[in-house]
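With chain A fixed as given, assemble chain B onto it according to the hints.
These protein sequence lines are chains A and B, in that order. The opening residue of the first sequence carries number 8 in my numbering; numbering runs sequentially from there. The opening residue of the second sequence carries number 8 in my numbering; numbering runs sequentially from there.
Honestly, I wouldn't trust all of these hints.
Because identical chains cannot be distinguished in the list, a pair is counted as satisfied if it fits within a single copy or across any two copies.
List of simulated lysine to any residue pairs, SDA-like, C-alpha gap at most 25 Å [to be verified]:
(1) K25 to L57
(2) K242 to A21
(3) K25 to D55
(4) K52 to I64
Read the hints as simulated data drawn from the structure, not as lab findings.
Number of protein chains: 2
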Amino acid sequence: MKRTVLKFGGSSVASIDKIKDIANYLSRRVKDGEQLIVVVSAMGKTTDELLAHVHSITDSPNEQDLAMLLTTGEQQTISYLSISMNDRDIKAKPLTGFQAGIETVGHHLKSKISKVNTKLFDHLFLTYDIIIVAGFQGFNDENEITTLGRGGSDTTAVALAAALQCPCEIYTDVTGVYSIDPRIYPEAKRLKVVSYEEMMEMSALGAGVLTSRSIEIAKNYNIPIYLGKTLSQEKGTWIMPTIEMLEKKAVTGVAVDKDMIHITLNHPAYYPQLLDDIFINLEQEEINVDMISQIANNEGLQLSFTMKDTEEHQIQQIFKRLRQDYPELYFKIEDQFTKVSVIGSGMRDMTGVASKVFRTLIEANIPFYQVTTSEISISYVVDAKYGERAARLLCERFEL
Amino acid sequence: MKRTVLKFGGSSVASIDKIKDIANYLSRRVKDGEQLIVVVSAMGKTTDELLAHVHSITDSPNEQDLAMLLTTGEQQTISYLSISMNDRDIKAKPLTGFQAGIETVGHHLKSKISKVNTKLFDHLFLTYDIIIVAGFQGFNDENEITTLGRGGSDTTAVALAAALQCPCEIYTDVTGVYSIDPRIYPEAKRLKVVSYEEMMEMSALGAGVLTSRSIEIAKNYNIPIYLGKTLSQEKGTWIMPTIEMLEKKAVTGVAVDKDMIHITLNHPAYYPQLLDDIFINLEQEEINVDMISQIANNEGLQLSFTMKDTEEHQIQQIFKRLRQDYPELYFKIEDQFTKVSVIGSGMRDMTGVASKVFRTLIEANIPFYQVTTSEISISYVVDAKYGERAARLLCERFEL
Chain A
8 MKRTVLKFGG SSVASIDKIK DIANYLSRRV KDGEQLIVVV SAMGKTTDEL
58 LAHVHSITDS PNEQDLAMLL TTGEQQTISY LSISMNDRDI KAKPLTGFQA
108 GIETVGHHLK SKISKVNTKL FDHLFLTYDI IIVAGFQGFN DENEITTLGR
158 GGSDTTAVAL AAALQCPCEI YTDVTGVYSI DPRIYPEAKR LKVVSYEEMM
208 EMSALGAGVL TSRSIEIAKN YNIPIYLGKT LSQEKGTWIM PTIEMLEKKA
258 VTGVAVDKDM IHITLNHPAY YPQLLDDIFI NLEQEEINVD MISQIANNEG
308 LQLSFTMKDT EEHQIQQIFK RLRQDYPELY FKIEDQFTKV SVIGSGMRDM
358 TGVASKVFRT LIEANIPFYQ VTTSEISISY VVDAKYGERA ARLLCERFEL
Chain B
8 MKRTVLKFGG SSVASIDKIK DIANYLSRRV KDGEQLIVVV SAMGKTTDEL
58 LAHVHSITDS PNEQDLAMLL TTGEQQTISY LSISMNDRDI KAKPLTGFQA
108 GIETVGHHLK SKISKVNTKL FDHLFLTYDI IIVAGFQGFN DENEITTLGR
158 GGSDTTAVAL AAALQCPCEI YTDVTGVYSI DPRIYPEAKR LKVVSYEEMM
208 EMSALGAGVL TSRSIEIAKN YNIPIYLGKT LSQEKGTWIM PTIEMLEKKA
258 VTGVAVDKDM IHITLNHPAY YPQLLDDIFI NLEQEEINVD MISQIANNEG
308 LQLSFTMKDT EEHQIQQIFK RLRQDYPELY FKIEDQFTKV SVIGSGMRDM
358 TGVASKVFRT LIEANIPFYQ VTTSEISISY VVDAKYGERA ARLLCERFEL
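Isolated chain A, as found in the complex (with noise of 0.2 Å):
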């Protein structure tokens, strides 16, 4: 029988009546014959009131509690999705994180799963026609309540799918993926199949439809997904091998991620302590930092990097604390930055694409800070204020 994992995020099943139409939809997949296991986000804004409830109380919340809470929203969906399926007689059994077995490591706020109960699936599907689970949380070896953090009810949704070995189908209120997002550049086209390792640069560099852990699960386990509108007749994206492509272009695709900052740090003596000190905090407040630059002479230490202004707070806290060990240590943390990437598959066994963009840059007068090139991608960051110029310059010139 054919399995699939299915994922509706928050928007789509932001009211009653979204949960009901959706339970039409997953009611006709399973008379045709289908096995599914639907996993689901929190009903939308319900996870923002939560948290409005919490910095009533707090700014810095116990995690525990906090994963604790924020749970209960996608509990809240599965009972209701669950409910409008056994009332349409298709035999539906909701799961939390827990109960579906997901076990996780790490922070309480941003687990990563380790382990998925796969003979669970089996032995429910005896007594049961479709699985509802709830996304974006799990438990650790303390059987605490965690959960996954950013786009973590995909990461449940592939990850199911990885383990069972079936596809999965992620549902969003955008149809698919974009050569570039519309809204920068209207005459984007959307992409019928993109590989994995091109969505994970795009993921990577801030186009944010899928985080890249859970393209990277996907890849790992090749497991096929399709990237589609809720409820909606037009064709999606599906993410796949690069060998199953057939055709090639050196750019697929120009990412845009705003909201970046800029970080600079100075030591006037060089003491690799420090830096082992530094990247240790980060680690171990799970700070994703990108776009790193270092310089180290008889001058001292010289080190800047970017990443997302959603975390300044902490890195605030951390560079507050390291400078009660370091005294001499400076840093600066500037905002207004935007970063645009150049993605390709093809571009591995292409050339000139690299000189082709800093010529796009140079000839608009568009300055660039920071450069980086990983195997299928080239980003630059740029002033916030010429981000979605410089990425419209790039798609005219890569004809996206």
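What follows is chain B alone, placed relative to chain A:
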């Protein structure tokens, strides 16, 4: 170290501000050196809001799904309270019913506690100062989430106290137990102490401060229960074994149970199987009936009983179903009745209580339809319009 279970009901935790007030109170007690286990209900109207959503989907939700949904209410309360405690530097550990090891049996929405994991608490108190448990919920042997039905959070608290052999304090928005509901008889006195037996009669007869199942657990494990008003200096009521009470009165209270319905069943022939079918059906739906009268002779079967009107819909369904097998079954459901009960553990030793009650009602021209007696109580069904007057007259007669 002194260990106590405390329970705060839904109106006591109806807002974040109320939760913070309770956190302040609990902090003081923890700092005074107590080990506290706190059981909380869902915040104020949360359950009603969840049910409103459900009823926009269906009138007959799947019970497993509904239990899953409703338990999110207490899970949110324990999270907020734990965040508040941790914010006050009190090491708090929130536990869902599942995490607290509260095993249950029976219907998903009316489960009974079968086991509590006490070792867990001893273990957690090595690390934490206070353990916060979601009331009203548990899990069954299928690892499904269950709820404990009416008064469920009280049951959680008393069962934990019983398992841990420590006292239980139950806080609500009324102060302790009165000889009669002060809304009916303003001169009502608050009782300082009441026996398990008297309290069970009061509860079973509708006095409603605490369900009889909770008191039964306390009695079986010999756990004293304190009923008090949340964050109030006023002294409440202790419920404890009869033997510890210095003074006995023949009558300690009058209970008034409104919203009763009266069901009459007739069948032209007396089939023992029919009676069996009726009670099996009532048992399966876990419907509580009381005051059963039955006449069976050559002219057939006549059965009447009273029950709360909240289950009127279910009872209708049962009898409609039974009529498919017994087409000659006739049933009538009448509402607008009140049950008035006179309770007192001294009643065992003293005579004349029954005749005093009869005389009071007859003198006042209040007709009564059914009478039942237990070792320490006498109950009468009267027309709803006479209920409160009957209760007041009895209070005067017995000088309560």
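In rising order, the numbers of the hints this structure does not comply with:
Failing hints: none at all.
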